[in-house]
Structures are given as structure tokens and as C-alpha cells.
Amino acid sequence: MAKKTTDSEQVEQYLSKLEHPMKAEIEALRTIIKGANPKISERIKWNAPSYFYQEDLLTFGPPARKPDEILLVFHHPAVVKISSELLQGEFKDRRLAIFKSMDVVEANRDELSRIINEIIAEIEADLL
0 MAKKTTDSEQ
10 VEQYLSKLEH
20 PMKAEIEALR
30 TIIKGANPKI
40 SERIKWNAPS
50 YFYQEDLLTF
60 GPPARKPDEI
70 LLVFHHPAVV
80 KISSELLQGE
90 FKDRRLAIFK
100 SMDVVEANRD
110 ELSRIINEII
120 AEIEADLL
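Under numbering that gives the first Met the number 0, the first residue of the sequence shown carries the number 0, and numbering increases by one thereafter.
Incorrect hints may appear among the rest.
Said to hold, decoys possible - Below are the SDA-like pairs computed for lysine to any residue, each with C-alpha atoms no more than 25 Å apart in a straight line: (1) 3 <-> 65; (2) 33 <-> 14; (3) 38 <-> 122; (4) 33 <-> 86; (5) 44 <-> 19; (6) 80 <-> 116; (7) 99 <-> 42; (8) 65 <-> 117; (9) 65 <-> 25; (10) 3 <-> 29; (11) 99 <-> 127; (12) 38 <-> 108; (13) 99 <-> 81; (14) 22 <-> 84; (15) 33 <-> 20; (16) 22 <-> 42; (17) 33 <-> 112; (18) 3 <-> 21; (19) 91 <-> 117; (20) 22 <-> 110.
Just so you know, the hints here were simulated from the structure itself, not pulled from any lab data.
Input sequences plus hints: build the corresponding full structure.
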């Protein structure tokens, strides 16, 4: 009987097949997201790497959307309470973050982690 592929293995397979001019930036963002909090898990959802803790947190936007940028969609409603220059859009239940270079990824490493951890704190507060 074949062993079932784990969610993280599915993300690895997805990324190994991905052809994108900003693949290094995608990998760096993945590392930052996974390292932001040990409670975060990853999987493929909506045809892209997606991250969750109890509920969906964020997902990479479609890689073919624009070849010169990486889009992260924060779709947990708690994100609308977070103030950050990194977050864009005035949607009622989500915010976007756009990365156009490795310099932008690295410059926003701590801010991205902060945003993720604020969302997780909100989820945990709601669990009480």
C-alpha cells in the first residue's frame, strides 16, 4: 500500500514543479511564514500553498497572475484589524501583500511574522 503524501510533501511537490521567475522569493516567503509560529501548518488549497492554524490564514496568489511579483492573500477576517503598511486593500474580510523583489521580502520579514502572529493571537482569543 502506498504511503499517503503529507500536506507539506504536497507543497514541496508543487514548488518543485513551479516555474516562476520569482521562485526564490516564493521559497523565502514560505520559510518566513512557516517560521513565524510553530502552530502554522501548510497545504495546497485553491491550487497554491496555503497556511492555516485552526482556520485558513493566508495563501499565495496565482503564480501566473504577474510574473514580476508575488501576492499573498490574508483571508482570515482578523487581518482587517491589523495596521500595517505591508497590507493593502480595503476589503471587508481580507488584505493583500505584494512582494516585488527579494529585498522587499527580506525588508518585511519581521512585519510578515508579526501580522501572522497577531492573527493567531486573535484566533486563540476566540477559542477561549
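Assess, step by step, whether the Cα of residue 22 is no farther than 25 Å from the Cα of residue 42, and give holds or violated. Holds, because 18 Å separates the two Cα atoms, which is no more than 25 Å.
Quick one, are residue 3 and residue 65 close enough, alpha carbons at most 25 Å? 33 Å, violated
Within a Cα-Cα threshold of 25 Å, do residue 99 and residue 127 meet the stated pairing? 39 Å, violated
Between residue 38 and residue 108, does the CA-CA distance stay at or below 25 Å? Holds, at roughly 18 Å.
Would you mind confirming whether the straight-line C-alpha gap from residue 65 to residue 117 stays at or under 25 Å? 28 Å, violated
Is residue 38 close enough to residue 122, meaning Cα to Cα at most 25 Å? 12 Å, holds
Pair hint residue 3 and residue 21, alpha-carbon separation not exceeding 25 Å: Given pair residue 3, residue 21 is violated - Cα atoms ~30 Å apart, limit 25 Å.
Decide if the proposed pair is consistent with the structure: residue 22 and residue 84, CA atoms, cutoff 25 Å inclusive. 24 Å, holds
Please work out if residue 33 and residue 20 have their alpha carbons no farther apart than 25 Å. 22 Å, holds
Pair hint residue 22 and residue 110, alpha-carbon separation not exceeding 25 Å: Roughly 21 Å separates the two Cα atoms, so the pair holds.
Quickly compare the C-alpha distance for residue 65 and residue 25 to 25 Å and report which way the hint goes. Holds, at roughly 13 Å.
Is it true that the CA of residue 33 sits at most 25 Å from the CA of residue 14? 15 Å, holds
Consistency with the previously given hints fails for numbers 1, 8, 11, 18, ordered from lowest to highest.
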